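With the hints as your guide, set chain B onto chain A.
Taken in order, these protein sequences are the chains called A and B. 1 is the number of the first residue of the first sequence in our numbering; add one for each residue after it. 1 is the number of the first residue of the second sequence in our numbering; add one for each residue after it.
These are calculated hints, taken from the structure and not from any lab test. Predicted, not measured: the structure shown is a model, and the values here were computed from it. Keep in mind that a hint or two might mislead.
Claimed, not checked - Some, not all, of what chain B presents toward chain A, calculated at C-beta under 10 Å:
no., residue
1, ASP46
2, HIS52
3, MET172
4, CYS411
Unchecked claim - Here are some chain B residues the structure puts well away from chain A; computed CB gaps all over 12 Å:
no., residue
5, GLY12
6, LEU13
7, ILE24
8, LEU192
The C-beta atom is built at its ideal place from N, Cα and C for all residues, glycine as well.
2 protein chains.
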Amino acid sequence: MATEKSSNEYEGLLPFCLRWVKPIFTKLPAMAVELATMTKKLAKDDTRRVVHALKVGLAITLVSLFYYFKPLYDGFGTSTIWAVVTVVVVFEFSVGGTLGRGLNRVMATLLAGALGFGAHYLASLGGDTGRPIMLGLFVFVLAAISTFIRFFPKMKARYDYGLLIFILTFCMVSLSGYRDDEIAKLAYSRMLTILIGCCFTVFVCVFVCPVWAGTDLHHLVASNIDSLATFFHGFGAEYFGLLQEQGEVGKVDMQKYRTVLNSKSNEESLTNLARWEPRHGKFRYRHPWKVYLEIGSLNRECACRLEVLNGYLQTKRTQMPSQQIHGPFQEECMKICSELSNGLRELAMGLRKMVPPLTAKAHIEKAKIAAENLKSHLEEWRFEEMNNNKNALEIVHVASLSPLLLDTICCIVKIADSVQKLASIAGFKAVEVPSSVAPEQDQGSMQPCHGAVLVAHQVIMIDKGAPC
Amino acid sequence: MATEKSSNEYEGLLPFCLRWVKPIFTKLPAMAVELATMTKKLAKDDTRRVVHALKVGLAITLVSLFYYFKPLYDGFGTSTIWAVVTVVVVFEFSVGGTLGRGLNRVMATLLAGALGFGAHYLASLGGDTGRPIMLGLFVFVLAAISTFIRFFPKMKARYDYGLLIFILTFCMVSLSGYRDDEIAKLAYSRMLTILIGCCFTVFVCVFVCPVWAGTDLHHLVASNIDSLATFFHGFGAEYFGLLQEQGEVGKVDMQKYRTVLNSKSNEESLTNLARWEPRHGKFRYRHPWKVYLEIGSLNRECACRLEVLNGYLQTKRTQMPSQQIHGPFQEECMKICSELSNGLRELAMGLRKMVPPLTAKAHIEKAKIAAENLKSHLEEWRFEEMNNNKNALEIVHVASLSPLLLDTICCIVKIADSVQKLASIAGFKAVEVPSSVAPEQDQGSMQPCHGAVLVAHQVIMIDKGAPC
Chain A
1 MATEKSSNEY
11 EGLLPFCLRW
21 VKPIFTKLPA
31 MAVELATMTK
41 KLAKDDTRRV
51 VHALKVGLAI
61 TLVSLFYYFK
71 PLYDGFGTST
81 IWAVVTVVVV
91 FEFSVGGTLG
101 RGLNRVMATL
111 LAGALGFGAH
121 YLASLGGDTG
131 RPIMLGLFVF
141 VLAAISTFIR
151 FFPKMKARYD
161 YGLLIFILTF
171 CMVSLSGYRD
181 DEIAKLAYSR
191 MLTILIGCCF
201 TVFVCVFVCP
211 VWAGTDLHHL
221 VASNIDSLAT
231 FFHGFGAEYF
241 GLLQEQGEVG
251 KVDMQKYRTV
261 LNSKSNEESL
271 TNLARWEPRH
281 GKFRYRHPWK
291 VYLEIGSLNR
301 ECACRLEVLN
311 GYLQTKRTQM
321 PSQQIHGPFQ
331 EECMKICSEL
341 SNGLRELAMG
351 LRKMVPPLTA
361 KAHIEKAKIA
371 AENLKSHLEE
381 WRFEEMNNNK
391 NALEIVHVAS
401 LSPLLLDTIC
411 CIVKIADSVQ
421 KLASIAGFKA
431 VEVPSSVAPE
441 QDQGSMQPCH
451 GAVLVAHQVI
461 MIDKGAPC
Chain B
1 MATEKSSNEY
11 EGLLPFCLRW
21 VKPIFTKLPA
31 MAVELATMTK
41 KLAKDDTRRV
51 VHALKVGLAI
61 TLVSLFYYFK
71 PLYDGFGTST
81 IWAVVTVVVV
91 FEFSVGGTLG
101 RGLNRVMATL
111 LAGALGFGAH
121 YLASLGGDTG
131 RPIMLGLFVF
141 VLAAISTFIR
151 FFPKMKARYD
161 YGLLIFILTF
171 CMVSLSGYRD
181 DEIAKLAYSR
191 MLTILIGCCF
201 TVFVCVFVCP
211 VWAGTDLHHL
221 VASNIDSLAT
231 FFHGFGAEYF
241 GLLQEQGEVG
251 KVDMQKYRTV
261 LNSKSNEESL
271 TNLARWEPRH
281 GKFRYRHPWK
291 VYLEIGSLNR
301 ECACRLEVLN
311 GYLQTKRTQM
321 PSQQIHGPFQ
331 EECMKICSEL
341 SNGLRELAMG
351 LRKMVPPLTA
361 KAHIEKAKIA
371 AENLKSHLEE
381 WRFEEMNNNK
391 NALEIVHVAS
401 LSPLLLDTIC
411 CIVKIADSVQ
421 KLASIAGFKA
431 VEVPSSVAPE
441 QDQGSMQPCH
451 GAVLVAHQVI
461 MIDKGAPC
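Chain A on its own, in the form it takes in the complex (with noise of 0.2 Å):
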């Protein structure tokens, strides 16, 4: 009651103010601190955003010396301020980001002068009343057919960027050329200002740690792979609830698969800014950029099986949690898991490294055969250790992963093709087999390397083009 009435009572603008202004002053410090903590977490995941942030800044202020030297500035007067603005909007992260947008610039640039200037002349032939009429009819039909080439899907990959520039410069030059007799000058002078801060970008931007898309792209696929490895890592003692005995090893990590689900968008964005880029590092000029997006596409089907293998994990939990179903239908099921993680983990590791991974394959082979055993388990078993068990439905429960498993099975198998694939197309060269892999991984069932190598020759051999 209080409270409500010294509210409802008129009070002095100070202290109406105050009470608005107070929380705010109070919550200062805990958003400066979020503030604080955000920024450190995206400078310390990612070092180049800082780095990123200093390019910019370091090449604007390049640029911008054409104003403080009175002879550069003279040469191009209030044109210079177009360089600036290229630098601005064409600055990327990455370098086949700013290739492409810079590019896209330059030849819009280009073209829509030379247009522009063309649709000048050939209005200025119209008369006094013509000229506005031809002009406006102009502009309306480019700009009306560029932005809709917009929405072709090819084009707004690539090209966007270009076709609104083409649109914006038409217009400026043409329209421009109106009042301003000296419309060639213009046209003339925005041309080179903008290959001016193009090349400035460019440079300041290949040339002082430079963030290469095909680079990123490479490891997104391959870390995504591996993220599909570290779910097997843990599933089948997490499954069979053999994880206390382990510790909480990976308990955490297993749900990195879900990031896989969501990495379609950055994965075709980053394909796209690749194909802009020259040769860099171990990557050719005409690199295999699009086997990465059928990678990248087969890890979400795969992620889509363990989103769903996941699910048995939570109904394990929450249904039964003491019944541990054992014999030889839990040492198959370990073997498939350990199997497939050992082998997407060595198609990972084959891919960040750029060599064939030679051996996944017999990882692979070995999880298909453990669950061809484990189908014929399945066969053999012909229910009699379940007409003793009164509760089937568990066991069949336990059964239900077998076709599951064998699906995912396929799909990593698929997998493995096109990283092949990519590898051979990529020109990926054989090394010694790094015996540093193996202690990385779980040796629980491994074979020793050099045996796995061999096996992977005839496996690849044997296994080439049959269906899976």
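Just chain B, lined up with the frame of chain A:
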């Protein structure tokens, strides 16, 4: 041999060019036809694209009137071009996009203009030597900080364009001030022309066939739920090989759920755009757009399960084409699929028409009951039939659908809960359940609608908050 010889012969420039140009010309008609087909398809798929292109043309033509009428042009002079530039870069497909970009541009220009003016004043205190150094420092620091802020996820989603324009305008005003003393006039006319450009754009965008991102998001989510329904509509019949009896209806549509899997980025960008939009149609200003993201995420989880169920269809087709497992299993499975399909379809329709989906939960509850029946059938079964049947694996394969279907039902219950949440937050008004809903659906196992509404009410009462 003959071909090789002729290509090695020295030839004139004209035949050489012709040999290169000819294939292009022979391909031209095919390319033209392809282009025409694609254009037609793009325009037919969404006629709003054509309207949008015409709207952009119209807005630019309108704003270019400033050039044609001398009194208008004299007011701003060369700054007039900023109005045209603004229309070109601000006009987006949806009202939300346009308003977001427009507000970003105006606010950023205002803020950066003021700051640029301040920087210019401060730098001028430094004398002839200090001025360029201080200006360079300001530009560097502000550009670097703003570029880094663009990495903050929340800023990137809504204010990315604003931050770009902020850097651009700040550089423009502060640098131009170095060479041009009329900096206040520059900042003022840039601000005014940008405002004029934004007004033209928003006017045409909102008042000529507006495209609302919110409405698009609403329909996208509803049609995604519909896609899930379509899958269940066909799944039971397809799995038990009844499709030959029913005909090939719905076979192609079943794969529509795949588009749901990749809808995340589209839904997120539409949500961001929708938040800029004012009240329109049945949508209030603070419509709970974020709940759509929740439903969308659940849709994708469900689609993942469908991907696995679809995998079952493939296995069935390749591995056991002729075997059919009948009995209580098939009946309950068909009932589950049909009820889920009906339930999802009613959720979609409720969402689309903005009425509470009263009968949907009843259908899902029936599916749940059928799933429980299936479970108890399996428990009672005790595999007596199985002992007679040599191929136990097949029965396990079919029986293994049971946990998967249960898992999927859990997922769909969550979707229904989220739609219910949206309905209550957004205040969907209940209208009389349209009897026209029924004929569109598979009526195979539906209770009469009026009974179902009653059941639905009870179910909602009982089920609220019960974990699945």
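Taking the hints in turn, this is what the structure says about them:
Taken as an interface hint, ASP46 of chain B checks out: its beta carbon lies about 8 Å from the nearest beta carbon of chain A, inside 10 Å. Look at HIS52 of chain B: its Cβ gets to within about 7 Å of chain A, closer than 10 Å, so that hint holds up. The beta carbon of MET172 of chain B is positioned within 10 Å of a beta carbon in chain A (closest approach about 6 Å), and the interface hint is therefore held. Hint status for CYS411 of chain B relative to chain A: holds, with the closest Cβ pair at about 8 Å, below 10 Å.
Every Cβ of chain A is farther than 12 Å from the Cβ of GLY12 of chain B; the closest lies at roughly 31 Å, confirming the non-interface assignment. No beta-carbon of chain A is positioned within 12 Å of the beta-carbon of LEU13 of chain B; the least distance is around 27 Å. With a least CB separation of 19 Å from chain A, ILE24 of chain B remains clear of the 12 Å interface cut-off, as annotated. Distance check for LEU192 of chain B against chain A: the nearest CB is about 18 Å away, which clears 12 Å, and the non-interface claim stands.
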